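On the provided structure of chain H, position chain P as indicated by the hints.
If you want the building blocks of each chain, they are given just below.
Protein chains: 2
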Amino acid sequence: MTITMYERVGFENRRPSPFSWRSRYAITHKGINVTYQPTRFLEADMIEQLSGQRYVPILVDGSKVVHDSWRIALYLEKQFPDRPSLFGGESALGQTRFICLWADSTLGQLIKHLIYADFIRCLAPEDRPYFRSSRETALGQSLEAACADRAAWQTRFSAACEPLETLLAEQNFIAGQAPQYVDYSVFSLFQWARLGSPQDLVREQSALAAWRKRMIGLFDGLADKFPHYPSTT
Amino acid sequence: MTITMYERVGFENRRPSPFSWRSRYAITHKGINVTYQPTRFLEADMIEQLSGQRYVPILVDGSKVVHDSWRIALYLEKQFPDRPSLFGGESALGQTRFICLWADSTLGQLIKHLIYADFIRCLAPEDRPYFRSSRETALGQSLEAACADRAAWQTRFSAACEPLETLLAEQNFIAGQAPQYVDYSVFSLFQWARLGSPQDLVREQSALAAWRKRMIGLFDGLADKFPHYPSTT
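So the sequences go chain by chain: H and P. Going by numbering that gives the first Met the number 0, the first sequence opens with residue 0, and the numbers climb by one from there. Going by numbering that gives the first Met the number 0, the second sequence opens with residue 0, and the numbers climb by one from there.
Looking at chain H on its own, in the form it has when it is part of the complex:
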């Protein structure tokens, strides 16, 4: 039975979604054969027919349709218990959930203010009006206004990263000696920022930069298998 993952695709085969990235890493960690189906923002009607909601990633495994990256991770862990664990036990699972919630609500919100004005160029031109309209409604301002005071947002972002910086000076991965889903999930936000803007928001020589480099190197350089920030539109 073929498993299919619908993931977000951007301008000229870019992969612009942190949620799709974390699911891709989870699948790769488990070593599962999956067909990836690139999905545009404009295909939300098709996604809704398939899954009852409008967002990717979704995983289709026979008659099972699983949406939401967290639920996909739980599904993979349950369906493939003999493959390497994404979590490492019940206590770790509970804590991973917290760290994912923290990262999305804290780092994710700040990253928007650091990349959105650039990020739109990573999407196919036809997807840009929807992106601009939906994000500007959510932000209550234009993408450009949201990103205007870069220095201030960078300061807040760096401050929010402090506990990660301290941790990663002590250990190689958030999960300890080897990466697990918590690392993929947090990394997916850095990958989103890395591919979504020409400006780096991680300080060189930091423990965070070293961790990101380790993450980029995983799975034969999976993080670099799709195009980077476009030099031209």
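The following residues of chain H were derived to be distant from chain P, with all beta-carbon distances above 12 Å:
(1) T34
(2) D44
(3) P229
If the Cβ cut is set under 8 Å, some of the chain H residues that face chain P in the computed set are:
(4) F86
(5) E89
(6) A91
(7) L92
(8) G93
(9) T95
(10) E161
(11) T165
(12) F172
(13) I173
(14) Q176
(15) V181
These are computed hints drawn from the structure, not numbers from a lab. Since the model is a prediction, treat every value here as computed from it, not as a measurement. Using N, Cα and C, we set each Cβ at its ideal position, and we do this for glycine too.
For chain P alone, coordinates are given in the frame of chain H:
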């Protein structure tokens, strides 16, 4: 061999230190017999002679002197492997470290602005000048000025608690179905605030309030075994 833990003591037998509280919960979770040695801020010279640094908690186990609450937790886990685990595996341990760092740097810093002006009354009168002087130097302002805009700090604190609120609406403890060190460590900050101020910073009816209540009930109500906020000084 008797194990001794030096923990902070305040006004009339109060226990005002979040770091001492988390070590006390760790010891209780492990079911270890320990003699507690109440320690005042003014006894820092004695603590320095014993441990080479000036802060409690410290654990003295024969010739071993362990300082810092995190290192105490690691020591207990290593020395008492047959007792219930404080972490639940390597991945959980790594993540617990992160959540402790996050909680202390984020929640801990915000709580100071919500309780410090009240909190000083939980200390013995002789300890108050040191507390005021050291904290006001660190804050760069008086305790009262740091706590002046309570509404603004409460808003920031509630926002910082959002990932915890979401998590605890899904599961009973941060570690999942049963509490572990990560719960004790985060709870110790709420316990510090709860005993250190007459004002509550947790919203009634919230998932966080329900978790705090579960935590207060643990170990035969350990959290309530010492005096609450003083009604008089």
